[in-house]
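Novice: With the hints as your guide, set chain B onto chain A.
Chains as they are written, first to last, in my numbering: chain A, 1 to 284; chain B, 285 to 601.
Derived by calculation from the structure, the hints in this document are not laboratory data. Keep in mind it's a predicted model, so treat the numbers as computed, not measured. All residues carry an ideal CB built from backbone N, CA and C; glycine is no exception. Please note that the accuracy of each hint is not assured.
Partial selection, computed: residues in chain B whose CB lies under 7 Å from chain A [what the hints assert, rightly or not]:
(1) Asn-347
(2) Gly-354
(3) Gly-359
(4) Lys-360
(5) Ala-382
(6) Ser-386
(7) Phe-460
(8) Thr-575
(9) Asp-577
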Amino acid sequence: MRKKYTANQLSEIATQVRRDILRMVHAVQSGHPGGSLGCTDLLVALYFEIMDFNSKPFNTEGKNEDIFILSNGHISPLFYSVLARSGHFPISELSTFRKLNSRLQGHPATHDKLEGVRIASGSLGQGLSVATGIALSKKLNNDKNIVYCLTGDGELQEGQNWEAIMFAAHNKVDNLIAIVDFNKQQIDGSINEVMGITDYKNKFETFGWQTIDMFGNNMQDIIDKIEIAKSYTDKGKPIMINMKTEMGAGVDFMTGTHEWHGIAPSDEQLQKALAQLPETIGDY
Amino acid sequence: MIKIDILDNKDTRSGFGAGLLELGRTNNDVVALCADLTGSLKMDAFKKEFPERFYQAGIAEANMIGMAAGLATGGKIPFTGTFANFSTGRVYDQIRQAVAYSDKNVKICASHAGLTLGEDGATHQILEDIGLMKMLPGMTVINTCDYNQTKAATIAIANYNGPVYLRFGRPKWPVFTKPEQKFEIGKAWHINEGNDVSIFCTGHLVWKAIKAGEILAEMGINADIINIHTIKPLDFEAVLKSVSKTGCAVTAEEHQMNGGLGDSICQLLSLNNPKPIEMVAVNDKFGESGTPDELLIKYGLDTPDIVKAVKKVISRK
Numbered sequence: 001m002r003k004k005y006t007a008n009q010l011s012e013i014a015t016q017v018r019r020d021i022l023r024m025v026h027a028v029q030s031g032h033p034g035g036s037l038g039c040t041d042l043l044v045a046l047y048f049e050i051m052d053f054n055s056k057p058f059n060t061e062g063k064n065e066d067i068f069i070l071s072n073g074h075i076s077p078l079f080y081s082v083l084a085r086s087g088h089f090p091i092s093e094l095s096t097f098r099k100l101n102s103r104l105q106g107h108p109a110t111h112d113k114l115e116g117v118r119i120a121s122g123s124l125g126q127g128l129s130v131a132t133g134i135a136l137s138k139k140l141n142n143d144k145n146i147v148y149c150l151t152g153d154g155e156l157q158e159g160q161n162w163e164a165i166m167f168a169a170h171n172k173v174d175n176l177i178a179i180v181d182f183n184k185q186q187i188d189g190s191i192n193e194v195m196g197i198t199d200y201k202n203k204f205e206t207f208g209w210q211t212i213d214m215f216g217n218n219m220q221d222i223i224d225k226i227e228i229a230k231s232y233t234d235k236g237k238p239i240m241i242n243m244k245t246e247m248g249a250g251v252d253f254m255t256g257t258h259e260w261h262g263i264a265p266s267d268e269q270l271q272k273a274l275a276q277l278p279e280t281i282g283d284y
Numbered sequence: 285m286i287k288i289d290i291l292d293n294k295d296t297r298s299g300f301g302a303g304l305l306e307l308g309r310t311n312n313d314v315v316a317l318c319a320d321l322t323g324s325l326k327m328d329a330f331k332k333e334f335p336e337r338f339y340q341a342g343i344a345e346a347n348m349i350g351m352a353a354g355l356a357t358g359g360k361i362p363f364t365g366t367f368a369n370f371s372t373g374r375v376y377d378q379i380r381q382a383v384a385y386s387d388k389n390v391k392i393c394a395s396h397a398g399l400t401l402g403e404d405g406a407t408h409q410i411l412e413d414i415g416l417m418k419m420l421p422g423m424t425v426i427n428t429c430d431y432n433q434t435k436a437a438t439i440a441i442a443n444y445n446g447p448v449y450l451r452f453g454r455p456k457w458p459v460f461t462k463p464e465q466k467f468e469i470g471k472a473w474h475i476n477e478g479n480d481v482s483i484f485c486t487g488h489l490v491w492k493a494i495k496a497g498e499i500l501a502e503m504g505i506n507a508d509i510i511n512i513h514t515i516k517p518l519d520f521e522a523v524l525k526s527v528s529k530t531g532c533a534v535t536a537e538e539h540q541m542n543g544g545l546g547d548s549i550c551q552l553l554s555l556n557n558p559k560p561i562e563m564v565a566v567n568d569k570f571g572e573s574g575t576p577d578e579l580l581i582k583y584g585l586d587t588p589d590i591v592k593a594v595k596k597v598i599s600r601k
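Excised from the complex, chain A in its bound form (with noise of 0.2 Å):
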């Protein structure tokens, strides 16, 4: 399934699936565009450059592949993209996302089975501990492949990461990369005003955990950046990467702003967003 990209090869599929997610956003008028643009770069380097898997069969098992364990389940649109033009479903599917009976959930679920998906997300900060059992699972099975988890920053929140992150450094587990969405933004506003967290970097270390910066929203670096992080996996410690975004990435009028955490375009804000992001492998 791996195949070798160059940065921008990536930025390119990255563009087209921001596409995708104002698209499928649009068209049901409900969704997260904002945290799904910010982690765009993340999962198309993940999925298309990063992890060994296999997309099909698909196997919940996943044994002996790197498996993606997504938290922040709102940014449901960035994660079925990437599914579909990773080989796990077709891309046709994605028109029907949030439609009545789709296997594309509002927030990710595994019950009508979707390739790809391993748990149900949604409900915040339950990643984490997830992705904690399935690491433990590879342990035991001698699987040396690793478990990457994405939260978001303001999930950091919810007092289950960090029952989740002092077992994980508390038992060494070391094949775990968590990557922690740092863009600073939540529902009601900037985390700071909400609930001031944004040193969380130093709670991890504190809590034995090896940190790492990246600017997620920078394919260059994030290639880099996990490598580095993986190179710390088999360590005896769990691993944070710190990945900076910016909230609506992609799309100049939705940067800089929570506000489109969890809304959607009107069909002039489609237009506009989309002549910033032309077509490169084609809509689905």
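Specialist: Same frame as chain A, now just chain B:
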């Protein structure tokens, strides 16, 4: 009334511990997680023999359930162990999203359920857990009645693929089911044949129902006594067949009336064959500190309460 002998006096949680140990020896995929209550849950023997398959989660139940979902994703069969209150109410959303909705093969094993927890009081005496768990789509709910049944159920749920809530308790209790029994999920155990009243009982109150059956027999009332160990999926056939014969029913359980076994039986009968029914259960109250025996008497869950409920329901026929 059939004669039921007491074989021993042991806690149901020890049956869980024994079942788990046996599973450790026979199934390499079985793993266990505990939230700082290894001794109370009788998981020490498993921990000692299989340290690499035992995870101490600390006092962090939400993470324990999430990790169990992850271990199940990775192909393991995780058994989580803590008190019933912390196994359900405390982690409801984690169970709902990461276990039930995600169809994970997690076995949530809960001790110290109900009033018979005793002196620790109402903070720990959960009486709502069966209701919480049975409302979740796809969740199997089992409440065992003695050591042997708990051991057999523990072993049986490992061979079933899907989320299970297994509820048992703290006190030493009469052991009266067979040591080497085959536990069939969803299949009621017909304890005694009778034509006058159906008694559907679960958990610790099965023994109380048997004692009530003996007293009733002396009064000339023959009770059809059925142990519903699996509250969900409910054995519809066994319940409807019995009530079509007896024409009335009493339910007995260590749980709130709302959401418990009685509530499930009422629903089934109302929809299919409405007949008089009386419920022996806690009526919308929290428990309190006391000995198990004192509490069962005070909250109306003792043998005489079942006898009284039978007389009342027969008078309503």
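Novice: All the hints need checking, so say for each whether the structure fits it.
Specialist: Against the structure, the hints:
For Asn-347(B), the interface hint holds, since its Cβ comes within 7 Å of a Cβ in chain A; the closest pair sits about 4 Å apart. Residue-level restraint check for Gly-354(B) holds (minimum Cβ-Cβ distance to chain A is 2 Å; threshold 7 Å). At its closest, the beta carbon of Gly-359(B) sits 4 Å from a beta carbon of chain A; the interface hint therefore holds under the 7 Å criterion. At about 5 Å, the closest approach between the beta carbon of Lys-360(B) and any beta carbon in chain A falls short of 7 Å, and the interface hint on this residue holds.
At a threshold of 7 Å, the smallest CB-CB gap from Ala-382(B) to chain A is about 5 Å, leaving the interface hint in force. The beta carbon of Ser-386(B) is positioned within 7 Å of a beta carbon in chain A (closest approach about 5 Å), and the interface hint is therefore held. About 38 Å separates the beta-carbon of Phe-460(B) from the nearest beta-carbon of chain A, more than 7 Å, and the hint is not met. With a least beta-carbon distance of about 35 Å to chain A, the hint placing Thr-575(B) at the interface is violated under the 7 Å criterion.
The beta carbon of Asp-577(B) comes no nearer than 37 Å to any beta carbon in chain A, farther than 7 Å, and the hint placing it at the interface is violated.
Checked against the numbered hints given earlier, the structure breaks hints 7, 8 and 9 and satisfies all the rest.
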